[in-house]
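There are 2 protein chains.
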Amino acid sequence: MTPEFNLIKNHFTRPTRHTNLGVGDDAALISISNGMELAISADMLVAGTHFFADCDAQQLGWKSLAVNISDMAAMGANAKWATLAIALPEVNEPWLAEFSRGFFACADAFNVDLIGGDTTRGPLTISVQIMGEVPIGQAIKRSGAQLGDDIWVSGKLGSAALGLAHLQGKIELENDALRASIHALHSPAPRATLGLALRGIATSCIDISDGLLADLGHVLKASNLGATLDLEKIPCIDLLKNSLENPQFQAFILAGGDDYELCFTAPTSKRETINLLSKQLNIPITCIASTRMDTGLQACYKNNKITLLKPGFDHFA
Amino acid sequence: MTPEFNLIKNHFTRPTRHTNLGVGDDAALISISNGMELAISADMLVAGTHFFADCDAQQLGWKSLAVNISDMAAMGANAKWATLAIALPEVNEPWLAEFSRGFFACADAFNVDLIGGDTTRGPLTISVQIMGEVPIGQAIKRSGAQLGDDIWVSGKLGSAALGLAHLQGKIELENDALRASIHALHSPAPRATLGLALRGIATSCIDISDGLLADLGHVLKASNLGATLDLEKIPCIDLLKNSLENPQFQAFILAGGDDYELCFTAPTSKRETINLLSKQLNIPITCIASTRMDTGLQACYKNNKITLLKPGFDHFA
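Chains as they are written, first to last, in this note's numbering: chain C, 1 to 317; chain P, 1 to 317.
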């Protein structure tokens with residue numbers, strides 16, 4: 001068997017849970033459950049842009065799938081299938097073994113079948129497409145936020161950016177802050193269960209990948225609304241919370257990106273439901289602001305408007 | 001609006017035909033018709049591996065989608081939706097305008113909606129995922145060939161490889177042969193209609209992308225069968241047919257790849273049906289061999305076995 005096909009057979013062919021025909025033919029075949037729409041999202045990760053070329057392969061494998069499951073969560077969709085197209089500079093079996101170990105660890109954790117893809121030669125590039133089911137009409141879109149809705153975020157923001165800054169030598173972390181940040185950067189856990197639970201509760205939702213301002217900005221723009229954020233209300237780890245006047249920390253929280261938390265809106269009538277959900281799922285969910293008439297999106301600290309040099313991650317800015 | 005999002009809005013957002021929610025949210029939403037399975041396939045094209053970095057952007061756009069629609073045809077699936085993830089070294093609006101022009105020309109020709117994707121910075125890499133519908137149980141797999149089945153191919157083989165050799169300066173073509181070869185290389189027309197028509201007729205099917213020997217080899221291996229091909233029976237343009245003793249030409253026909261014709265098996269009882277189909281669709285469909293007990297796959301010319309240096313395209317061989 002030729003090397004390319006060996007790669008697929010050795011590293012990317014596993015039994016599936018809910019797939020009719022998996023890896024090995026011209027296409028995979030799946031059936032969509034009755035009453036469901038199929039949600040589809042794609043992401044491309046490039047060495048040098050999204051990850052260091054020499055990063056840990058297992059963590060990269062995990063993260064490649066995790067960031068896509070996060071998009072499903074943001075739609076209230078149940079992630080079920082993925083395809084993986086990967087360009088590699090050369091056949092590196094140990095690297096691939098580690099990468100696939102991480103990828104399938106994530107797939108197993110979230111019940112996702114890898115059903116197809118492609119392997120090719122080229123600069124290290126990873127393209128994942130994720131597919132999931134959501135009951136017809138119940139997908140949580142970006143455009144559904146209503147005037148006066150609460151704006152919520154799950155978990156804590158800014159940790160992944162903090163971890164990246166540490167690895168880049170821009171800051172020096174220790175102990176808990178170091179552990180939390182590096183873990184957040186390398187092994188995000190997409191809020192899959194929360195996403196499903198928000199069906200019928202959230203009026204809009206997005207996962208925070210580029211950064212809170214950028215991503216919440218999309219939601220507000222799509223919904224023709226605005227908001228003013230108070231930095232002190234945004235959940236973050238103690239190291240950040242204790243030095244909010246630090247512009248670098250402000251940027252991590254508001255625009256660091258790579259958080260993979262959910263940011264969603266909901267009517268004020270849902271506050272109790274959401275607080276209960278937070279307890280049931282053991283996930284912090286924090287109300288950070290309310291939507292207003294369209295005045296744009298801004299963030300303040302102690303009543304002073306925060307101006308960031310780079311409002312959010314844009315590959316071509 | 002930031003440059004990245006401008007790119008998506010300007011070049012990749014178009015009205016859709018059969019999509020519930022298209023480009024613009026965390027995920028797209030589609031509904032699958034009753035009684036159908038969803039077929040899914042993915043391909044990654046890398047500058048320097050699959051195409052010249054300085055190639056015509058419009059042709060590249062067409063071909064990026066066409067090769068994926070070809071995978072759908074090979075399953076007997078009706079291609080309906082695609083996602084496109086693309087890494088670009090820089091924002092090049094004229095290039096993107098041309099690329100998307102070609103991509104959407106193909107999408108329009110084959111009724112495919114572009115429903116999502118990603119744009120990112122990196123070495124030029126294109127990842128397309130295609131999705132289509134096929135009635136439950138009717139997908140044409142690689143593994144269904146039966147002993148004694150006829151083996152058929154559509155169109156003519158070897159032209160794209162001939163065209164590539166010309167562009168690489170390895171051969172000099174003129175007139176009709178030049179036109180046909182360059183067109184085959186740059187603007188393949190996937191056999192979408194034929195693929196649908198083969199439901200209930202073909203026992204197995206594959207599209208010829210890596211090369212006849214490699215791809216038919218997959219089918220025979222999956223079906224536990226073998227075959228011996230007679231080079232003189234394989235359809236190709238006159239320039240090739242008139243010099244079959246030329247080893248370079250033999251390689252173009254048997255292993256050149258990039259043909260995007262369909263190679264399928266069918267019971268001998270279907271010969272009349274297939275010949276009629278050929279007339280109705282105005283597509284040459286040629287019977288080239290029969291399946292045998294598993295003796296591997298080989299090709300002969302005038303009773304001499306042909307040995308090629310490179311049996312088929314493998315990125316890592």
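It is worth saying that the hints were derived from the structure and are not from the lab. Hints may be right or wrong, so weigh each one.
No copy is singled out in the list; a pair is fine if it fits within one copy or between any two copies.
[Stated by the list, open to error] Straight-line alpha carbon distances no greater than 20 Å define the calculated SDA-like cross-link-like pairs of lysine to any residue that follow: (1) Lys241 x Glu172; (2) Lys233 x Gly35; (3) Lys9 x Ser143; (4) Lys241 x Phe52; (5) Lys221 x Gly24.
Tested hints:
1. For the identical chains of this complex, Lys241 and Glu172 are intra-copy neighbours only, at 16 Å inside a copy versus 70 Å across copies, given an alpha-carbon limit of 20 Å.
2. When the C-alpha separation of Lys233 and Gly35 is checked against a cutoff of 20 Å, the pair qualifies neither within a copy, at 39 Å, nor between copies, at 50 Å.
3. Proximity of Lys9 to Ser143 under the C-alpha cut-off of 20 Å is restricted to the inter-copy arrangement: shortest distance 16 Å between copies versus 42 Å within a copy.
4. In this assembly of identical chains, the alpha carbons of Lys241 and Phe52 never lie at most 20 Å apart, being 28 Å within a copy and 51 Å across copies at closest.
5. Proximity of Lys221 to Gly24 under the C-alpha cut-off of 20 Å is restricted to the inter-copy arrangement: shortest distance 12 Å between copies versus 43 Å within a copy.
In terms of the numbered hints stated before, the structure departs from hints 2 and 4, listed from lowest to highest.
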